[in-house]
Amino acid sequence: MNAVFFEANDDSITKRVHDARRKALKHNSAYPEVELFGKEAHYSDVKVAYVQTKAFGLFSGMGHGSASKFTGQWESVLYDRYDTQSTNYTVKGTVVHLYSCYCGQQLGPYLVNLGAKAFIGYTNPVEVPSSQSVVDEFVKVAATIDRSILDGDSHTTTKAKADTEFQSVEGRLLASAVATSRDVARFRLNNRSMVGPWTDRQYGYY
Amino acid sequence: MNLITERNKPIFVARARSIQFCNANDVLTEALANSTALHASAVDDEIMVKASAARKLPRQTLLTVDDATLSEVKELVISRFRIDSTEKFEFLDGRTFSGAEAANQVREESEIGKYFLELEKENLRILQDAFRKGQI
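Chains as they are written, first to last, in the working numbering: chain A, 372 to 577; chain B, 4 to 139.
Treat each hint with caution, since some may be false.
[To be verified] On the chain B side, residues computed to face chain A include the following (Cβ under 7 Å):
| # | residue |
| --- | --- |
| 1 | 118 |
| 2 | 125 |
| 3 | 129 |
| 4 | 130 |
| 5 | 131 |
[As the list claims (entries may be wrong)] Listed below are the simulated BS3-like cross-link pairs for lysine-lysine, each with C-alpha atoms no more than 27 Å apart in a straight line:
| # | chain 1 | residue 1 | chain 2 | residue 2 |
| --- | --- | --- | --- | --- |
| 6 | A | 397 | A | 530 |
| 7 | A | 418 | A | 532 |
| 8 | A | 410 | A | 463 |
| 9 | A | 530 | B | 124 |
| 10 | A | 511 | B | 124 |
| 11 | A | 397 | A | 425 |
Please keep in mind that the hints were generated in silico from the structure rather than gathered at the bench. Owing to the predicted nature of the structure, the values given are computational and were not obtained by experimental measurement. A virtual CB, placed ideally from N, CA and C, is assigned to each residue, including glycine.
All chains should be modelled from the sequences, with the hints used to inform the complete structure.
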């Protein structure tokens, strides 16, 4: 399965998460793998990538988000309910996984309704700790989800793997001298607001 | 973000594009960490955050935000930082509360306030659990 990794890195938040994701997602089974990072995390580059690949198997994005939109570098809109950049067609048949605040509220079900195979995202803020080593841990659940999708797992298997990874990350955070109790609370709340096909049929199926 | 340090001028101007929730959190934490009292008022597309008892900061902070995030940032200010109970706080819809009432009101009414409340509850659970296990 091919995959597009789309990651903004233009501010302190996205940069920390981008750096963490690059460590966590160093090895995956995507083929071909399209990397749209930094200034290439832009709607025009997504359109070019779509022409080249014909269709996206997995679209794994990281940037800022709200209930109805997801943005890339410099917060340029990629997907939104108004289809501002005429990019929404690129999600057809795709498993869309967005590491961003709030997109699970409206954008996710909307993209599934447009033809995305499934959506995985968050309905609340995705908090990012200040310590890079803690951020490195935070993103591991999302990385596990991406690997599971690329391995061809069903969504129930993906969720089971994500839960296992959550427990092991939580254990490390609780034992860590760097992570604070509030970091652990943030990690739990991030995970609690994660939605996907296992949550409701409005998030699709795979 | 840009820093303007002229006396009596806004000292902290965040780019509008960076005032999404998580960045606002970051920006405000950085700017107002040493504040013990806050007053905020919204004027058009700007929010003025005055750290009236700030120890390290000059008198006021100006955050330039886009319209969609204005109320969100304001809610964040109230819910995230201690507010002097005697200060008046005017909500975007015109209601006025004292600082302590405003904080409670936001916690009860706003999505972001509920989020922070839940975060603090979870934090407390973690600390209580660690205490029970003799870890702290």
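Hint-by-hint comparison with the structure:
1. 118: 6 Å, holds
2. 125: Status holds, d = 4 Å.
3. 129: This interface hint holds because 4 Å falls under the 7 Å limit.
4. 130: 5 Å, holds
5. 131: 10 Å, violated
6. A:397 / A:530: 21 Å, holds
7. A:418 / A:532: 32 Å, violated
8. A:410 / A:463: 24 Å, holds
9. A:530 / B:124: 26 Å, holds
10. A:511 / B:124: 24 Å, holds
11. A:397 / A:425: 24 Å, holds
Hint check: violations occur at hints 5, 7; the rest are consistent with the structure.
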